[in-house]
Structure formats: structure tokens, C-alpha cells
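Colleague: One letter stands for each residue in the lines below.
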Amino acid sequence: MKPMRKFLLAMAALVCTAVAAGGALYLLRPGILPHQVAPVAVNPSTRTINRGEYLARAGDCVACHTVPNGPMFAGGRAMATPFGNLYVPNITPDDETGIGQWNAEEFYRMMHTGVSRDGKRLYPAMPFASYTQVTRADSDAIFAYLMSNPPIRQKNREHELRFPFNNRDLLIGWRSLYFREGEFKPVAGQSVQWNRGAYLVKGLGHCAMCHTAVNALGGSSESKAFEGGMIPNQNWYAPSLTSNHEAGLGEWAIKDISDLLQVGVSHRGTVYGPMAEVVYNSLQYLSDEDSAAMAVYLKSLPQKDSDAAPNQQARLVRPEVMEVGRKVYVAQCAVCHGAEGKGQAPAYPPLAGNRSITMATPVNPIRMVLNGGYPPGTGKNPRPHGMPPFSHILNDEEVAATVTYIRVAWSNNGAPVAAKQVNDLRTLLPE
Amino acid sequence: MRITFAAIRRAHLRLCPLLLLASLSTPAVKAQTAAPDDATPAFKQLDSIEARVQGCVTCHGQNGQGTANGYFPRLAGKPAAYLTHQLAAFRDGTRSYPPMNYLVAYLPDPYLKEIAAYFAAQRPPFAPREPASASAEAMQRGQALATTGDSAKGIPACIACHGARLSGMEPGIPGLAGLRSAYIAGQLTRWRVGERRATDPDCMKRIASRLSDTDVGAVAAWLSQQAPPIDAAPEPSNLVRMPFACGSQK
Numbered sequence: 005m006k007p008m009r010k011f012l013l014a015m016a017a018l019v020c021t022a023v024a025a026g027g028a029l030y031l032l033r034p035g036i037l038p039h040q041v042a043p044v045a046v047n048p049s050t051r052t053i054n055r056g057e058y059l060a061r062a063g064d065c066v067a068c069h070t071v072p073n074g075p076m077f078a079g080g081r082a083m084a085t086p087f088g089n090l091y092v093p094n095i096t097p098d099d100e101t102g103i104g105q106w107n108a109e110e111f112y113r114m115m116h117t118g119v120s121r122d123g124k125r126l127y128p129a130m131p132f133a134s135y136t137q138v139t140r141a142d143s144d145a146i147f148a149y150l151m152s153n154p155p156i157r158q159k160n161r162e163h164e165l166r167f168p169f170n171n172r173d174l175l176i177g178w179r180s181l182y183f184r185e186g187e188f189k190p191v192a193g194q195s196v197q198w199n200r201g202a203y204l205v206k207g208l209g210h211c212a213m214c215h216t217a218v219n220a221l222g223g224s225s226e227s228k229a230f231e232g233g234m235i236p237n238q239n240w241y242a243p244s245l246t247s248n249h250e251a252g253l254g255e256w257a258i259k260d261i262s263d264l265l266q267v268g269v270s271h272r273g274t275v276y277g278p279m280a281e282v283v284y285n286s287l288q289y290l291s292d293e294d295s296a297a298m299a300v301y302l303k304s305l306p307q308k309d310s311d312a313a314p315n316q317q318a319r320l321v322r323p324e325v326m327e328v329g330r331k332v333y334v335a336q337c338a339v340c341h342g343a344e345g346k347g348q349a350p351a352y353p354p355l356a357g358n359r360s361i362t363m364a365t366p367v368n369p370i371r372m373v374l375n376g377g378y379p380p381g382t383g384k385n386p387r388p389h390g391m392p393p394f395s396h397i398l399n400d401e402e403v404a405a406t407v408t409y410i411r412v413a414w415s416n417n418g419a420p421v422a423a424k425q426v427n428d429l430r431t432l433l434p435e
Numbered sequence: 025m026r027i028t029f030a031a032i033r034r035a036h037l038r039l040c041p042l043l044l045l046a047s048l049s050t051p052a053v054k055a056q057t058a059a060p061d062d063a064t065p066a067f068k069q070l071d072s073i074e075a076r077v078q079g080c081v082t083c084h085g086q087n088g089q090g091t092a093n094g095y096f097p098r099l100a101g102k103p104a105a106y107l108t109h110q111l112a113a114f115r116d117g118t119r120s121y122p123p124m125n126y127l128v129a130y131l132p133d134p135y136l137k138e139i140a141a142y143f144a145a146q147r148p149p150f151a152p153r154e155p156a157s158a159s160a161e162a163m164q165r166g167q168a169l170a171t172t173g174d175s176a177k178g179i180p181a182c183i184a185c186h187g188a189r190l191s192g193m194e195p196g197i198p199g200l201a202g203l204r205s206a207y208i209a210g211q212l213t214r215w216r217v218g219e220r221r222a223t224d225p226d227c228m229k230r231i232a233s234r235l236s237d238t239d240v241g242a243v244a245a246w247l248s249q250q251a252p253p254i255d256a257a258p259e260p261s262n263l264v265r266m267p268f269a270c271g272s273q274k
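Protein chains in written order, with our numbering: chain A, 5 to 435; chain B, 25 to 274.
Next comes chain B alone, as it looks inside the complex:
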């Protein structure tokens, strides 16, 4: 096994919060149902963006890697403009998820942008995939939808916009790698029923409303089982490649 410098540094970064926490807790004890350690509040410097985003970590993890809890999405490596837009939408109530709406209700734009930039720049390792539970048939349908689409129903492939590596595209298309099936299915459903929307023309609305319940489950299951990309950076903006016009790419 080759141990690279980067791997050592990554391991070190992961250990640091633990060491800090251990040094603070005089007899080192853990809560009975402690969060996974990478989702426990910890920081090195008080006046740092790292300390300021501690409000996010119990759900999204110290580096935005997402947590074992099925629903909380990975933020790391998503395009900064996408994350800024989502934070502003939570603040303004145009995207509804009460715990988020409440948390960011009174935060000004420049600060949301700074928080978004922080998580966009993180490259933590991907969490282990959740155990597969979908049927082979569903996985097959999911793969077809994600990689080739369904031309009969007018559904383009996920990878057309979200990229073959599923790492998203600047500035407005989020990466899908590392997301849990419950989260993906939840978002697609919200889009179908009009609870979640993007800037017009809302291409995701167009696509989601053409998916059946079975399609949503299948594509969410397949996407959540993909191996994480080596390079998790979003692709550069490419309007030519887009099957539909998307307001979020303007």
C-alpha cells in the first residue's frame, strides 16, 4: 500500500478536531449516543470560518461530507454559486425545510456566500455508501434513466447536466455523488409537487414532473450506489451540452 503525503494530511486533518476535543474533555468521555466524530462541534481558531460554520456540522459534518443520517446531504464540492443560492432560498423561504429556514433566517448575503464558498472548497473523503436495498430491476431502470435518459418520456440523462462523474457543473448544478437515496428521492418528489423550484426556466421541474414514483425511487437508488469520483470538483459551465435551458445556469 502506498501512503501518499495527501493521505497523511487528510488523516491528520480528520484527527485534529478529535485531539482538540479530547484535550478539552478532562476525563475523556463520550455522550451515550454521540454523533459520529466528524459531526461533533470542534474547531481550532475562534475567529475563523471553520468556527463560524459549527452551526452546520451536526447534520452536514465538519467538512460538509454529510453524515450517516440518511437525509442530510453532502455539501462539500458542490458549486459555490449553487450553495449560495440554496442558502438564500432557505433564508427567504423559497425553499422549505423548517430546520434550515430557521437557522439561516437572519444571515446577510455576503455571509451566506462565504459559508457556501467554504463548503464548496472542501474535499473530504466520501462516506461509505448506504447498503443497497433496491431490486435489480429498479437498479436497471435507475441506471438507464441516469446514463441515457428515457427519450420516449422526454427525460434526459442525469449525467447530461450533472456530469459523468456526478460531480455537478458550475455554477448552478449540484454534484449528486455521495448523496443518499432518501435525499435524492425527497428532492425529486418536492420538485414534482412544486415544493422545490429553481430559477425559471426550471429545467429540473420539467424533468421531475415526467418521472413516475417508480422512476424516482429507481434513479435515487442507482445514484446513491455509485462509486465516488476521484476528482469531486464540478465541471466548468457548458451551455452547449445542456439538453434544456436552465435558469440556474444563467
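Okay, chain A solo, but in the shape it has when bound:
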């Protein structure tokens, strides 16, 4: 009996140990204990370079300084302007063809004053009128990042500007009219968040380059800041950020503004055209804090409507035009945007109450109907829903009637558009 008991005891002990061991293993399984790894010390240079990369994205350097599919920052991309083609320079650290011989001081002078290392005045396609607001520390970080990239040997191409714009002395006049040098100064009485947003919007974000009208001299006046304008050579209209008739954000929730910038879609609207490129290359990489800060600042912009909404007279539509528009809408558009234009946000934007549709300039909604479009695939919306082109299905009258319909239906306060306006845009290649 005794050996049997001993055996049983031994077995029991064994089982207990196994259970205890199993339990311990279960409790200690990976991920259950707080992760206690000593913080990896990132050396200060790497930290600066990483911050520089983030800031370079906020400044969207890559969009202009890289040929699509070409080596990053090697320049060479043609930039069409009303004055001729500019060729964007190589900003890789190559000694001969890039900025390899520059130092941080020279880089800051270029960002801050628009004067290059060799003393030449830059053409204002380089948004130095915005970048002048960038702090020295941020400029240094961007410089450190650019210098950390692989050098690419690629000679800069000469600009092809028409006379007299090929004479850089003209820039003296331009600068005295449109350029105000100076780093961003935080506004006392505004929150830290507001000031951060203002710094990003007015500085690296260079939003004014499109959202402020450009005059015949290629300048934009400060008093008209963010009041919207046609983007030269792209035939898209950059809406006013200060008008509730356009993209004025006074009535938007911060979350929707922030989403539009960082995600590309929101419950109020979706980005398209050139803004899709900005979100894809730049804004999607912003931290949640920074995109919220930009939203707070943009929402606070004073709303000053230079043009009143069109009056009843201007909004009159012939009933037969309205009927054509309604029929097309029901057949082609309603499945996504809803019979009442409410959309299925954020996948399909609402059209009712969407100022992007009703702005005085109907260029954008006409182009969307003709060419369709996909919002950018972003970190937070990698599989965007898209809109098909209708240019091959609808004739000019039908497109005009459809755009007219969505501009006046559901209490939208836009004005009708003419077939001629559609035809002018139909002949353009989509871009």
C-alpha cells in the first residue's frame, strides 16, 4: 500500500507542478505583461533628421522637386506657369548638381528670403513667400533631412520663360509688391494649438499658393489671403477658405476639417483635383495634433464674403433643363449621392449643402461630372470609393443640366451653368 501511496503522491505533485507551470506560462504569455523595454536612445542627429522629414512632408517638397517615378528630390519636373515653363531644381546633396555644397545658413536664407546660394532671386513658384515664416530650427531640420538623402547627379534644366519674364531683375519689383519677409510670430491671446495651425497653414503648408487669387503678375495680395482663385494652368478652382459660400469652414466641425486634410474624405466633403495630390503627398502624414491644429486655425479665419450668394433671379432655371438634370441625376448619380443629395459620407460626399458644388465658379463640379475622380488613398482611408467619368455618356447639354440640377436642388443656392462652360472644360485633358 505504501509504495502505491507514494506513487500517487508523486503523481499528484507532478500534476500540480505541471498545472502551476502551465498557469505561469499562460499568465506570462507574450503581450500580457506590460512591455518593459528600455527606451531606445535615438541620437540627436537622427531625431533632427526625422523631424526634418516630417516637416519636409508638411511642406510638400517632394511634389515639385521629384519627377513622377523619378529619383526623390532630383528635380527636373516642368512646372507650367502663365509665363512659360520652370524646371524645378535638384535638392539632393550632390556636390555639383544638387545642394551638396550648401550649408544650413544658406538654406535658411533661401527659405527665408527667396535668394539662392549663388545670390540669384528665386522665382515665386518656389513658395518662399510662405516659407519665410518657417523658423530657423525647422529650416535646419529640413536641411539636415535633405542632406541625409542619397545624392543624385542630375543637372538642373534652364527655365523656359518668355521675355520679359526671363529677366530676374523683374523679380525686384515683384518682391516689393508681394513679398513680406519674416518668421511666424505667435499671436498673443490665441491658443498654442491655433498658433501651431497658423504656422503650418501660412508657412510650410503654403496653402495661399492656390487658395489666394493670383493676379496677372503672378502675385497674390495679402488682403485677399485665402479668398480663393483659379489655379493657373491647372483649370481647377481653389475655393475661398474665408467664404461660407465656398469652402469657408465657419460651420464645419473641427473633426471634419481635420479629416478632410489628413484622411482626404469627411462627412462634409471630399478632396479632389490638385488638393488630392496635396493630401496624398503631404497632409496624410501630419500627426493628428497638427491636422487638428490646422483645422482650428482654418475654422477661425474671418468669414468675409466678397460676393453675395446669387439672387433668385440669377438662380432661375428653365423647367425643361431642370427635368433633364433630374433624370440624369436619378439614373446615374442617386445610387451614390442619394435621391436627396445627402450622399453616404464619408464614402460618397453629400451634394446638398456642399459649397464645393454651389460656388460661383462651376469649374470643379463640371470637371468632376466629366472626369470623375478618386480621392487619394491615405493611411486612414487606403481604399477610397471613387466616381466614374461621364464625359462619354452625357453631352454638353446633359452635363450642364445635371450640374445645374445639383446646384439648385435641395435648397442649394448655386446658379445654373451653360453648355458652353461644359464644352470649354471637355476639351481639356483631365489632370
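Since the hints were made in silico from the structure, they are not lab data. Any given hint could turn out to be false.
[Claimed, not checked] If the Cβ cut is set under 7 angstroms, some of the chain B residues that face chain A in the computed set are:
hint: 1; residue: Pro65
hint: 2; residue: Arg76
hint: 3; residue: Gly79
hint: 4; residue: Thr82
hint: 5; residue: Tyr121
hint: 6; residue: Pro122
hint: 7; residue: Pro123
hint: 8; residue: Leu131
[Unchecked claim] Below, computed lysine-lysine pairings styled on BS3-like, alpha-carbon distance capped at 30 angstroms:
hint: 9; chain 1: A; residue 1: Lys303; chain 2: A; residue 2: Lys228
hint: 10; chain 1: B; residue 1: Lys68; chain 2: B; residue 2: Lys177
hint: 11; chain 1: A; residue 1: Lys259; chain 2: A; residue 2: Lys308
hint: 12; chain 1: A; residue 1: Lys259; chain 2: B; residue 2: Lys68
hint: 13; chain 1: A; residue 1: Lys308; chain 2: A; residue 2: Lys189
hint: 14; chain 1: A; residue 1: Lys159; chain 2: A; residue 2: Lys189
hint: 15; chain 1: A; residue 1: Lys159; chain 2: A; residue 2: Lys228
hint: 16; chain 1: B; residue 1: Lys68; chain 2: A; residue 2: Lys384
hint: 17; chain 1: A; residue 1: Lys384; chain 2: A; residue 2: Lys346
hint: 18; chain 1: B; residue 1: Lys177; chain 2: A; residue 2: Lys346
hint: 19; chain 1: A; residue 1: Lys384; chain 2: B; residue 2: Lys137
hint: 20; chain 1: A; residue 1: Lys189; chain 2: A; residue 2: Lys303
Ideal Cβ placement from N, Cα and C applies to all residues, glycine included.
We have chain A already, so just place chain B on it with the hints.
Modeller: Then chain B, alone, in the frame of chain A:
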């Protein structure tokens, strides 16, 4: 006539978008020049790949079957890797067709791959062939080029790579069945002049540059008149059978 279950299901699938559309449009009305119904935006579930590809349907059809409009190609059943590659080429500008370049400009690789896989897996019925317009002589030349090639000019037969069923070959050779002559001729011409290219060694460039204008018209006309295959799936990759080395098959 035998009605198979598959046929019923196909018909049902085709009708579904119509029913959905009808239910949404309170008085059922149609646009004056409405697109063919299988090319009208429609979907059942918002969070689905079917809804996400609505940006493609007015040209390529709900199931990638292509539309009556001569130029827009059928996508259904083409190898997924081929479609992914073309979408990326449109996005990056290495294949030029402005409406496509614009549409996919800011879409990331994994999404393009998902879109490609969706259309590769579709098996919609083939649209009726376009009315024949080429001369008998051209059709004869086209048939010769497509089925036996022209050894004197160093042109292999289309079917050597694109398959006897013209359904293509995994991973990089597209099916030709169901394409319109305007599209085929357009692509061959683009290849000849260097506007369209494939991964090196670019076998299609080699072949297209040996075709004359008449050859291009003839082979496009003949190919567009072929009866669609019963099995539209691309053939498995077969490097031994290939007359030339093709970068797209690597």
C-alpha cells in the same frame, strides 16, 4: 433549351443592379442618353470592393465586361498581375491615357492590386461582337498573323502567347477575346511608336515594330471577330512555349 442554374444566377446577378436602381429612382426614369444598364453605377453594399470600383464602371462595365463604346477594353478575366501592372503604370505615367492617369493618380499599390484581383475574377458574358467591317483579304491576313504568324518578317502567332482561346496567360499576358478592333489597333500602334511599353525584354515592342499599318488593321479586325471562349480563364504560365523572352512573364 436547357436552362442551367449558372445561367439563372448570371441573369439574376445582372438584374440585381437594375432592381436596386429602380427601387431608388422613385418614378423610374432614365437619362435621355443613358449608359447601357450594365455600365450604370450600382452596388449592393457600401463597404465592398464592388462599391469601391464604381469609378470604373461607366467605361469598363459593372463586371469589367467592357462597354459598347469601341475603345474601352474588357477587364474581366485578364490575369490579376497584368491588371495590377497596368493600373500602376497608369498611376505612375509610364502608360499614357489621360483619363486613366487622372483617375488612379493617388491610389496606393495594395488597393490597385485589390481592384485588379476583383476584375480578374469576374466572368461576365461577352458582349456581342462589333459588326465586321474589314475586307476578306484583311481578315485572311489577320487570321494568318494571329494563328501562324509571319516567319519571313519574324512575327510569331498571337496565339503562341495569348493562347488558342485568346484568353491570355498568367501572369502578364492579357486575354484578347472580347476586345474591339479599335482598342487592339490602338495598342499595337502605341507599341510601334514607343508610347506603350512593357518590362524589358519588351517582346510586344519587338513584334509590334515588325507589323505594318495594314498588318495592324488586319490582325485587330480578325481578333475582334473571334467567338468568345467558353472558358475565359488565362492559361497557366508556360515559359517553354514562348517564342520570345518577355519581361512581363518574369
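Colleague: The structure should be examined with respect to each hint, and the outcome stated for every one.
Modeller: Against the structure, the hints come out as follows:
no. : hint                 : in the structure
1   : Pro65                : holds, 5 angstroms
2   : Arg76                : holds, 5 angstroms
3   : Gly79                : holds, 3 angstroms
4   : Thr82                : holds, 4 angstroms
5   : Tyr121               : violated, 10 angstroms
6   : Pro122               : holds, 4 angstroms
7   : Pro123               : holds, 6 angstroms
8   : Leu131               : holds, 5 angstroms
9   : A:Lys303 to A:Lys228 : holds, 17 angstroms
10  : B:Lys68 to B:Lys177  : violated, 52 angstroms
11  : A:Lys259 to A:Lys308 : holds, 23 angstroms
12  : A:Lys259 to B:Lys68  : holds, 29 angstroms
13  : A:Lys308 to A:Lys189 : holds, 24 angstroms
14  : A:Lys159 to A:Lys189 : violated, 37 angstroms
15  : A:Lys159 to A:Lys228 : violated, 38 angstroms
16  : B:Lys68 to A:Lys384  : holds, 24 angstroms
17  : A:Lys384 to A:Lys346 : holds, 23 angstroms
18  : B:Lys177 to A:Lys346 : violated, 61 angstroms
19  : A:Lys384 to B:Lys137 : holds, 18 angstroms
20  : A:Lys189 to A:Lys303 : holds, 19 angstroms
The structure does not agree with the numbered hints 5, 10, 14, 15, 18 stated previously, though it agrees with the rest.
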